[in-house]
Amino acid sequence: MDLNKFFSMVFEWLGYAGTFSDDLFQEELYTSIGLITAIVSLTLVITFYFIINRPSFSRWQHWLIMLLINFVIAFLVGLFIPQNIFYGLGIEYEIMQYVLFGLKTGIIATAFFIIWTYCFKWWKSHAKGTPKLFFGKF
Amino acid sequence: MAKLYIFGIGGTGARVIKSLTMLLASGVKTNFDIVPILIDPDSAGGDLNRTIKLLRDYQNIHKTVDGYEQNNFFKNKISTLSDIVTEQGGGAKVFDGFRFELDGIQNDRFKDFIDFNSLDANNKNLVKLLFSEKNLDADLGVGFKGNPNIGSIVLNQFTKSEVFQSFADSYEADDRIFIVSSIFGGTGAAGFPLLLKNLRKGKVGGKNYEHLKNSRIGAISVLPYFKVKQNDNSEIDSHGFITKTKAALHYYARNISGNNSINSLYYIGDSAENTYENIEGGTNQKNDAHFIELASAISIVDFAHTEDIYLETKNGIASNPTYKEFGTKAVRQLSFNDLFDGTKNSIINNLTEYFYFNLFLKDKMTWAIDKNYPFVSEDGAKFDTNFIQQSFYKNFLSDFNKEFRIWLAEVFRNQISFAPFAINPIANEQNEITDFEINTSNIFTLTRGIPERKNKFNPFAKNNYELFVSELNVASHKLGDAPNPQKRFMGVFSQGTKALVNKKLL
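Residue numbers (the working numbering), protein chains in the order written: chain A, 3 to 140; chain B, 11 to 516.
Any given hint could turn out to be false.
[As the list claims (entries may be wrong)] Here are the simulated distance ranges between beta carbons:
#1 A:125 to B:450: 33 to 39 Å
#2 A:49 to B:107: 30 to 36 Å
#3 B:318 to A:125: 34 to 40 Å
#4 B:465 to A:52: 15 to 21 Å
#5 A:52 to B:332: 52 to 58 Å
#6 A:62 to B:73: 35 to 41 Å
#7 B:493 to A:62: 27 to 33 Å
#8 B:285 to A:134: 55 to 61 Å
If you are wondering where the hints come from, they were derived from the structure by calculation, not from laboratory data. C-beta atoms are modelled at their ideal positions from N, C-alpha and C, and glycine is treated no differently.
Whole structure, please, built from the sequences with the hints as guidance.
Shown next as structure tokens:
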């Protein structure tokens, strides 16, 4: 499947922003930002479970810290990468467009983070089982 | 599995068996099914009853976790004589406990026991030659108070009892016997040679028992190792301990070592630098645990590990009797390094692992449950608040662990001090030890004389309780689930503490 098409569906599920979204699609920024978001989320999940991997940093609060770091990184990626590309192409948009896109990127990154969490939280780790997001059990 | 019958005679017998129980709980193995038989006329004796409660808790824990190979604690089986008789399909119920009840001595004086008043004049005079007025008026309910001449009469009933008959019936060719007694008391000094003589006769209740006659028998005779405070109202006077010891040794030289009736005889004693309260018996006779008792327990393990070839007996005579004494390096506060290598290696790993297990349960278990670490809930049955409310944890294990801590603190406080761990005993107003505490968060500095192994290349290496939890998590993941939560619990801690101690200390 075309990654640009796939990621555009994901991002635009949170809202289609007209020409801004069209330009993102045109410049294949959905692919690059989508992949960066997915990989950074994966990296932070692996860091939490297998690299830091300490009983003193294994509770849901520590997982939340990693999730927030992930959100911030994704927000900054969503904020600055389109800005830099569009500026180079002479395309101008209001800063709010970029901020909103940054927030969408953060939300998507959070979703990735949770998906990766549920892929790896069962593996051998001192944070095994953390967090239990569904009814406090799962 | 072959059985090792341990006759614990008198207060010393009970205290040595208590120390042995602590060693077995920590994972020391004898390769025998241990059958303790406590012989003590003082049924209310504080030391005796503490030992019996301890043995019961041990049994309850062992039964729950038996058969689970991943667990090393409480591994050695301890049975009552009744358990053995039942396993062998015996019908009659022998006393279902660890203590042999001596008949006819409760509320009796010695003169009533021997029916003095019904004797004719000549026999009365003869008895008066052998026993003083004080002896004749002695209350047997609290023991023989350092009078083996009384003990030797009263204890004869043991060898004529149904219990002894059941013991003889249950005894098999590969079994062994060990007798624990003090040489300076009343019960032990009388009971040991009496018991040995009857065992070597091999005839009980009119039946011949060839296995019994040629059984492999070991014994430890504990020489004086404490004093008691001078008390004119008490019959117990520690000034007489050495004299009684010498008299008993003369007797042993003829009737024990002199006639090769024992395969392995161990001796132990110490300069008596500590003074106990002068209590003639009853619930208040509760002396602090002493290193001598622990070393005596180690002699039982040594005997159990001795190969059959060195314990041969023919026609009731030991072919190669051995006599052993115990020594340490010349210090008055012993750590593991002050023991000679053989002794040290037989206990250091097990006791250290159990110490850390005990410490974690005492100080960190509820914390770990609150934090919900993986070992608590992720790999099998959960160790949650329900688990710690169940009788296995709340009663048997917690009670046993408390007694272990008290025992460890008592041997620490006593003279000679056995202080392998840097603990602070806690005592109540009556100066009885109730627990211990530690005064450091650096838990790997607690094993005295054993330096902590540090990771010089990694300043972020896990340490102290974080490392402890880490090892428990790893153990939990490796073990997965177990046939029951209690087995899983003990398996996780057994493997976790083993890995921890290997990594940081030994």
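Going through the hints against the structure:
1. A:125 to B:450: 33 to 39 Å: At 35 Å between Cβs, range holds.
2. A:49 to B:107: 30 to 36 Å: Violated - the Cβ-Cβ distance for residue 49 (chain A) and residue 107 (chain B), about 59 Å, lies outside 30 to 36 Å.
3. B:318 to A:125: 34 to 40 Å: violated, 51 Å
4. B:465 to A:52: 15 to 21 Å: holds, 19 Å
5. A:52 to B:332: 52 to 58 Å: holds, 57 Å
6. A:62 to B:73: 35 to 41 Å: With a Cβ separation near 39 Å, residue 62 (chain A) and residue 73 (chain B) satisfy 35 to 41 Å, so the hint holds.
7. B:493 to A:62: 27 to 33 Å: holds, 31 Å
8. B:285 to A:134: 55 to 61 Å: holds, 59 Å
Violated hints, in rising order: 2, 3; the structure is consistent with all others.
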